[in-house]
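Keeping the supplied structure of chain S fixed, place chain G upon it in accordance with the hints.
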Amino acid sequence: GPKVLQIPSHQIIDMGQMVTLNCDPVSNHLYFYWYKQILGQQMEFLVNFYNGKVMEKSKLFKDQFSVERPDGSYFTLKIQPTALEDSAVYFCASSLKYEQYFGPGTRLTVL
Amino acid sequence: TQTVSQSDAHVTVFEGDSVELRCNYSYGGSIYLSWYIQHHGRGLQFLLKYYSGNPVVQGVNGFEAEFSKSDSSFHLRKASVHWSDSAVYFCAVKDNNNAPRFGAGTKLTVKP
Chain S
1 GPKVLQIPSH
11 QIIDMGQMVT
21 LNCDPVSNHL
31 YFYWYKQILG
41 QQMEFLVNFY
51 NGKVMEKSKL
61 FKDQFSVERP
71 DGSYFTLKIQ
81 PTALEDSAVY
91 FCASSLKYEQ
101 YFGPGTRLTV
111 L
Chain G
1 TQTVSQSDAH
11 VTVFEGDSVE
21 LRCNYSYGGS
31 IYLSWYIQHH
41 GRGLQFLLKY
51 YSGNPVVQGV
61 NGFEAEFSKS
71 DSSFHLRKAS
81 VHWSDSAVYF
91 CAVKDNNNAP
101 RFGAGTKLTV
111 KP
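Going down the list, the protein sequences come from chains S and G.
Going by the numbering used here, the first sequence opens with residue 1, and the numbers climb by one from there.
Going by the numbering used here, the second sequence opens with residue 1, and the numbers climb by one from there.
Excised from the complex, chain S in its bound form (with noise of 0.2 Å):
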């Protein structure tokens, strides 16, 4: 089936510096997720991504988080500075519609 993929799978990265967490979704999807996973635990939602614009966010997409696709590209999500409580699993998804396919996750440790 289609497959959403991203890049890399692990970071490990000091805390104050910037991270992109690279993600290539499914190619005529057009709705794009960030969700936050730490210690396999409950999969909590960043963002959502339409037509060049973040749609909705929630309290976790800090001001520090920022999410673009530039022409079709990879969707991306950085964060600058990082913290410590931003060492997580990030996944990311995209959708048609209402389905959602995830990524494999991005294992981001910071030190």
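Read the hints as simulated data drawn from the structure, not as lab findings.
It is possible that part of the hints are untrue.
[Said to hold, decoys possible] Taking beta-carbon pairs under 7 Å as the criterion, some of the chain S residues facing chain G (in silico): (1) Y33; (2) M43; (3) F45; (4) Y50; (5) G52; (6) E56; (7) F61; (8) F65; (9) S87; (10) A88; (11) G105; (12) T109.
[To be verified] Derived BS3-like pairs: lysine-lysine, alpha-carbon spacing no greater than 30 Å straight-line: (13) K49(G) <-> K57(S); (14) K53(S) <-> K78(S); (15) K49(G) <-> K107(G); (16) K3(S) <-> K49(G); (17) K3(S) <-> K57(S); (18) K111(G) <-> K69(G); (19) K97(S) <-> K62(S); (20) K78(S) <-> K62(S); (21) K3(S) <-> K78(S); (22) K69(G) <-> K57(S); (23) K62(S) <-> K69(G); (24) K69(G) <-> K97(S); (25) K49(G) <-> K59(S); (26) K97(S) <-> K78(S); (27) K49(G) <-> K111(G); (28) K3(S) <-> K53(S); (29) K57(S) <-> K78(S); (30) K59(S) <-> K107(G); (31) K53(S) <-> K69(G); (32) K111(G) <-> K53(S); (33) K78(S) <-> K59(S); (34) K107(G) <-> K57(S); (35) K3(S) <-> K62(S); (36) K59(S) <-> K97(S); (37) K97(S) <-> K57(S); (38) K3(S) <-> K59(S); (39) K49(G) <-> K69(G); (40) K97(S) <-> K111(G).
Glycine residues also receive a C-beta, built at the ideal position from the N, C-alpha and C atoms.
For chain G alone, coordinates are given in the frame of chain S:
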């Protein structure tokens, strides 16, 4: 406030048993309900969905779920589980205006 509740954090059954994983929600209006499975260290895989019509929906690998408006529930069931069904199961609810929100997940352990 929209909420999705999965009351059982852990469920343990034996291979061949039936299982029901519970999901309750508090939303108004039209909603889209789905279940996902997450094997250890992997992303979420779609199991099934409900939007309208027959309240019992069939999914992959013998899973089904039943929507109940009166109970605000969308419980997932399987008649006979296999050891490979051991995973974490997430219920998700979406309304017309917001992205899907997930429950806390239920870890299913199937013993041989």
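Now the hints, each set against the structure:
1. Y33: 6 Å, holds
2. M43: Hint holds; M43(S) Cβ to chain G Cβ min 4 Å, cut 7 Å.
3. F45: Given a least distance of 6 Å, the restraint on F45(S) holds.
4. Y50: Not OK, violated: Y50(S) not within 7 Å of chain G, min 10 Å.
5. G52: Nearest chain G Cβ about 16 Å off; hint violated.
6. E56: Since chain G brings a Cβ to about 6 Å from E56(S), closer than 7 Å, the hint holds.
7. F61: Constraint on F61(S) not satisfied, violated at 11 Å.
8. F65: Hint on F65(S): violated, closest Cβ of chain G at ~15 Å, above 7 Å.
9. S87: Status violated, d = 16 Å.
10. A88: Interface hint status for A88(S): violated (14 Å vs cutoff 7 Å).
11. G105: Result: holds, 5 Å to nearest chain G Cβ.
12. T109: Given a least distance of 15 Å, the restraint on T109(S) is violated.
13. K49(G) <-> K57(S): Distance ~24 Å between K49(G) and K57(S) Cα, so the pair holds.
14. K53(S) <-> K78(S): Holds: K53(S) and K78(S) sit about 15 Å apart, inside 30 Å.
15. K49(G) <-> K107(G): OK: K49(G) and K107(G) at ~20 Å, within 30 Å.
16. K3(S) <-> K49(G): 19 Å, holds
17. K3(S) <-> K57(S): 24 Å, holds
18. K111(G) <-> K69(G): 33 Å, violated
19. K97(S) <-> K62(S): This hinted pair holds, its Cα atoms lying about 26 Å apart.
20. K78(S) <-> K62(S): 11 Å, holds
21. K3(S) <-> K78(S): 22 Å, holds
22. K69(G) <-> K57(S): Roughly 28 Å between the alpha carbons, so the hint for K69(G) and K57(S) holds.
23. K62(S) <-> K69(G): Violated, at roughly 35 Å.
24. K69(G) <-> K97(S): Cα-Cα ~23 Å, so holds.
25. K49(G) <-> K59(S): Holds, at roughly 27 Å.
26. K97(S) <-> K78(S): OK: K97(S) and K78(S) at ~25 Å, within 30 Å.
27. K49(G) <-> K111(G): It holds: about 27 Å lies between the C-alpha atoms, which stays within 30 Å.
28. K3(S) <-> K53(S): 23 Å, holds
29. K57(S) <-> K78(S): Given that 30 Å is the threshold and the Cα spacing comes to 14 Å, the pair holds.
30. K59(S) <-> K107(G): Given that 30 Å is the threshold and the Cα spacing comes to 26 Å, the pair holds.
31. K53(S) <-> K69(G): Roughly 33 Å between the alpha carbons, so the hint for K53(S) and K69(G) is violated.
32. K111(G) <-> K53(S): 46 Å, violated
33. K78(S) <-> K59(S): 16 Å, holds
34. K107(G) <-> K57(S): Given pair K107(G), K57(S) holds - Cα atoms ~27 Å apart, limit 30 Å.
35. K3(S) <-> K62(S): Holds, because 28 Å separates the two Cα atoms, which is no more than 30 Å.
36. K59(S) <-> K97(S): 24 Å, holds
37. K97(S) <-> K57(S): 18 Å, holds
38. K3(S) <-> K59(S): Roughly 28 Å separates the two Cα atoms, so the pair holds.
39. K49(G) <-> K69(G): This hinted pair holds, its Cα atoms lying about 15 Å apart.
40. K97(S) <-> K111(G): Violated, at roughly 37 Å.
Violation of the numbered hints given earlier is confined to hints 4, 5, 7, 8, 9, 10, 12, 18, 23, 31, 32 and 40; the remaining hints are satisfied by the structure.
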